[in-house]
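Trainee: For this one, chain A is given, so just place chain B on it according to the hints.
Sequence order for the protein chains is A and B. 2 is the number of the first residue of the first sequence in my numbering; add one for each residue after it. 2 is the number of the first residue of the second sequence in my numbering; add one for each residue after it.
Since the hints were derived computationally from the structure, they do not count as laboratory data. Note that the structure is predicted; figures quoted are calculated from it, not measured. Do not rely on the hints blindly, as some may be mistaken.
Since the list gives no way to pick out one identical chain from another, each pair is judged satisfied if it fits inside one copy or across any two copies.
What the hints assert, rightly or not - 20 Å max Cα-Cα, derived EDC-like pairs, lysine to aspartate or glutamate:
id: 1; residue 1: K163; residue 2: E4
id: 2; residue 1: K29; residue 2: E226
id: 3; residue 1: K332; residue 2: D222
id: 4; residue 1: K29; residue 2: D336
id: 5; residue 1: K28; residue 2: E226
2 protein chains.
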Amino acid sequence: MQEIRYLDSVYAGEGIWQRLNEHLELKKYGSIFILTDSNTAVHCLPYLTSKLPKKWNLRQLQIKAGESYKNIESCLQIWEELSSNLADRHSLLINLGGGVVTDLGGFVASTFKRGIDFINIPTSLLAMVDASIGGKNGVDLGVLKNQIGVINEPELVLMDIKFLDTLPPAHKVSGLAEMLKHGLIASESYFNRLLRSHDSSMWLDLIWESVEIKHKIVTEDRSEEGSRKFLNFGHTLGHAIESHYLDKADGEAILHGEAVAIGMILAAYISTRMRSLSEEKRDTIANGILEFFDKRRFSEKDIEAILGLLIYDKKNRGGKILFVLINDFGKPIWDCEVPDAVIRAAFNYYKNL
Amino acid sequence: MQEIRYLDSVYAGEGIWQRLNEHLELKKYGSIFILTDSNTAVHCLPYLTSKLPKKWNLRQLQIKAGESYKNIESCLQIWEELSSNLADRHSLLINLGGGVVTDLGGFVASTFKRGIDFINIPTSLLAMVDASIGGKNGVDLGVLKNQIGVINEPELVLMDIKFLDTLPPAHKVSGLAEMLKHGLIASESYFNRLLRSHDSSMWLDLIWESVEIKHKIVTEDRSEEGSRKFLNFGHTLGHAIESHYLDKADGEAILHGEAVAIGMILAAYISTRMRSLSEEKRDTIANGILEFFDKRRFSEKDIEAILGLLIYDKKNRGGKILFVLINDFGKPIWDCEVPDAVIRAAFNYYKNL
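Extracted from the complex, chain A is given alone in its bound form (with noise of 0.2 Å):
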């Protein structure tokens, strides 16, 4: 027997491609398309295909690798080779990449001809603790993150770790970044082993403890009325420090990942100065975040364009920038209003560390 281990559609272990199989036969889709960006296409496709028989005659489409393409066009592309193909309501599509690929392939499944079944393979860390948790998915709007979407489940997610050996480090520790927002969020402990533990037989473990954590938490606020902002941690400014590089040169692109990781850093520097996380616990988030990613210079002229892009993030409610604070570990608060100078201070301390 193959080890699995699961939580609604949520599949991880040697036993998931057996389970992927059953599915398939069990719907007896009319026609399976197979979603993944240039990337993936050399270096997960052949790993995936070699799991499954050959009879299911999986169709290839693909995006270009990178956040810049997770847009309508990309969409549009995809949209149309569906059709031109005859995808029908009986089709599939598995979507097999990173954030990227799911949240867009879950996107373009969800609308193709009112939805069709779309199921996710992660293949970053950052999807397998983050994106593929939740239902939701979309693309970006120009600079702004992730303002087209739907909240859909796809018929399963699949996780199998050998897909992390695939991945440059500077991703593999991107995902990291989720990992330690759900310890800050829900359990000191859990951060307190991610600092620790860096054997490669404890990853299945310490993903699965993600897994578990935020499903937990989407479970109990499908809609993101309430405890679902606790997610947010980090992700306020993380979003807006992201978009500010999208656009950006090569050279200084930013990593979902770092980007939240610096914006955690940030939030527990407000964290202290507006609720009552300790200034010792501050330094050991942010010492414990450093150890794995490396700091950034920010200019004043970033710094502002950041609080200017902060307007934008969808989570904020009329115009009003909204933080999640915590008072300690696994002790968020939503909604917190936090002035513009404070913020600044905030960056003073990160320069500082």
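Mentor: What follows is chain B alone, placed relative to chain A:
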């Protein structure tokens, strides 16, 4: 007390404006946007604003009028305008117009920041009796109709038959096709009343009967796996005919209702050939429909092009052409396979009427 009738979120009668006002009071939206096309901006928006207290401060968004603008480019325009006007998840979009505006606006709202509230105010007969009921929304992909969309219910659908006075006669008649269809698949007496009664005092009752028939069918089968397919009567060929003329010069353009009217005559002929509809009833149906819709000439080339388009119809599974046919009034059957030769013979029957 003003007269009002309702079914779930669909309201008709004089009391609808009071109902809208109550909804706005209750929901306290952060901002309210109203989408029109270039026609309804002139002919319908002043009437709507006269019915609402000035305090609501509606911000107007506008697309160009016509089916050819029911596409992703128009969605992008509206998403970007919503975004630059700082619409957030507590904003409301009111869609004021025919099926193009309500279908497109419903999709834009359902996908903006993963879904904001929307209200449909259909101004065409077609939108009242068809597009407004059942929660479907979406846009076209090239010549292929409604390929991109989701199923999502508006907060309210508000029907005021005064808007029908703003319609050109051809557009008014276009909506009749769907009403006649409801008679064909659900009620012979309703079909006959539609042929007889052209008295404007009857309109609200006739429209409401269509609302009830469609509502009953869609609530029994939300996901369109079964009986909802009956609503596709006349549409398999109707959609292909509509697609065929979508790219043509203005003089040849065809309204949805006219295309469906032709599709229903063809489907009635096929129902006699392949099912048990009597020749007498077939002719009653064809002549009844032709009381409202002028005949159109199809060249051999047109017919071949239309047959070629059929394969893309989203209702078809694995490339097979599946029709809804009827054994009699109120006795529809779905998923009937029809040979090309019988479809060609149907066009011949139509030509000789």
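Trainee: Go through the copies and call it for K332 and D222: within, between, both or neither, with a Cα cutoff of 20 Å.
Mentor: within (17 Å within a copy, 44 Å between copies)
Trainee: Tell me, please, which holds for K29 and D336 at an alpha-carbon limit of 20 Å: within, between, both or neither?
Mentor: between (46 Å within a copy, 18 Å between copies)
Trainee: If the cut is 20 Å between Cα atoms, do K29 and E226 qualify within a copy, between copies, both or neither?
Mentor: between (37 Å within a copy, 15 Å between copies)
Trainee: Which holds for K163 with E4 at a C-alpha limit of 20 Å: within a copy, between copies, both or neither?
Mentor: Result: close within a single copy only, 15 Å intra versus 65 Å inter.
Trainee: Evaluate K28 and E226 at a C-alpha cut-off of 20 Å and name the case that applies: within, between, both or neither.
Mentor: Between copies only: 14 Å across, 34 Å inside.
When each numbered hint is compared with the structure, no violation occurs for any of them.
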